[in-house]
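S.K.: Each chain, written out:
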Amino acid sequence: MDLNLTASFLTGLTKVFAGPSVRWVDSQPDTCQRVYFANHTSHVDSMVIWSSLPTDVRKVTRPTAAKDYWSQGWFRRHLARSLNALLIDRDKIKVHQSPIDMMIREIGDKYSLIVFPEGGRAHSDSGEIRAFKSGIYYLNKKRPDLELVPVYMDNMNRILPRGEFLPVPLLSRVVFGAPIWLEKGETKNDFLARARQSVLRLRDI
Amino acid sequence: MILFSQILTLLAQSPSGHLLDGPTGVLLGVVIGCLLIATAAGQVLKRQPDSSVNPAIVQAFIHRVRAWWLMTAILAVTFLIPTPVATVILFGLISFWALREFITLTPTRLGDHRTLFWVFFVLTPAQYVLVGLGTAHYELFSILIPVYGFLFVSARIAIAGDYKRFLERVAKIQVGLYICVYALSYAPALLYLENWTNADYSTSAGLLFFFILIAQLSDLLQFVCGKFIGRNVIAPSINASRTWEGFFAGTGCTAIIGAALSLTGATPFNSWQSALMSIVIAVMGAAGTMTMSAIKRDRGVRDYGTLVEGHAGVLDRIDAICFAAPVFYHITRYYFTTLAG
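Here the protein sequences come in this chain order: A and B.
Heads up: the first sequence begins at 1 in this note's numbering, then just goes up one per residue.
Heads up: the second sequence begins at 1001 in this note's numbering, then just goes up one per residue.
One thing to keep in mind: the hints can contain errors.
[What the hints assert, rightly or not] A few chain B residues that face chain A, going by a derived Cβ cut-off under 8 angstroms, partial list only: (1) E1101; (2) T1104; (3) F1166.
[Unchecked claim] Pair by pair, the computed Cβ-Cβ distance ranges are: (4) S1237(B) / C32(A): 28 to 38 angstroms; (5) T6(A) / F1248(B): 26 to 36 angstroms; (6) F165(A) / W1272(B): 56 to 66 angstroms; (7) G108(A) / L1167(B): 35 to 45 angstroms; (8) N4(A) / E1139(B): 25 to 35 angstroms; (9) T1083(B) / L5(A): 44 to 54 angstroms; (10) W1069(B) / F165(A): 33 to 43 angstroms; (11) C32(A) / G1029(B): 45 to 55 angstroms; (12) V16(A) / W1272(B): 43 to 53 angstroms; (13) R143(A) / A1294(B): 20 to 30 angstroms.
The hints are simulated quantities; they were obtained by calculation from the structure and are not laboratory data.
All residues carry an ideal CB built from backbone N, CA and C; glycine is no exception.
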């Protein structure tokens, strides 16, 4: 899907509101298939990561979002379509219809994903990151070729905090780290803790 | 190319005329001449072997000259538009940008969120709308933020219900609003001054250009003079490169240049008035630089952000302008126009 007017407009708007300074630490932007996983503190997180990517990478990167929220009304549907978001149906999770299977089916051998493994948005002002849910573990187990790129975002909770609907324009920071993979014989808990650490480490860079 | 010449013809024919008149053009010409010399000097320095000059300083110099070109170009283009509104919008955007840097740097709490929304999207635009409406609204534009804005900010934070470090948070937002928006808005307000006591003087674009030029020059000259003859640092823990010698010598040089620039006829001042005005700008500019340095030291950062290559943040560039603008505006208004009555 080509990038459209709405997407360019949203990217510009994000840059005005969140003024992200982008850094790549031990990794480079690339169009290869990746999963960007990040700390989650604000509604605009996906948008900020998405607009921090170079245009060619952005074209093949899809944010994940909840279907029940993003399919309400033409405006949200239009936004989700413009960003080529991968909508996940939270109500219809079954054994043969797990979100992971659906993600893998949807991205094929072309698209990258933006995910937030914390599950929900974190409450705290302190930049704390909660324990990760197991999604990225299963995702990497089924598709070991996917690069998992940690992303740390700073200041987003001041731009649009939880429970607010009007953003305040401030500068933010987006740091992309070195990709990680599931190691041989690594347990689920070890891997999730390591993934969480890889995001946390970017906080102090 | 054809399009460009068409635009030029249109501008030449425009009945109301743009802000750029003859004397301002001369002043602009002088600045562009100096920039050409500086650019050439930068290129010559770059070709020198590394042992004779510090390449980092040369690089910083080249970046600085490049940013000056950018500033001059932006101002010249806004002056070509036949209404001061373009300049007001330009300064409004600079305020917005500077305030964004300021608030990012000073921690706020969740309870300040809605207040900040008002500050960015209501108070800031309102201030610039009042400036753009001209001298008829001088009274309201000069009190909107320091009277009503300040009362509003403290009350709005109180209503949000978070009392932790209340006074500190109120003060931070007020200072940010005051320096980045209110003080800076006096610069474009210069364009609306009229009824000059000097009969030969008509348009104010030259006045604004002169002001910005002197503010930037004094900043640079105080720094350069300090490098050569500086002995006594004013406040080592706040800014290690600002010395008393640099301050006095730099201000003196600025006064001489200011007096010389009055010959272009771009300002309503004669040469000694121009020299005095330059001293006022230089002193206020130094005060601004010291104040903003103190805030940066307290927050433990070197610069306010990164926008133009080789330059720190918008706020690092405009600190002198912010502090000098209200004083320059008021002296000009009260002594060189009949507006004050």
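S.K.: Of the hints stated earlier, which fail here?
M.R.: 3, 4, 5, 7, 8, 9 and 13
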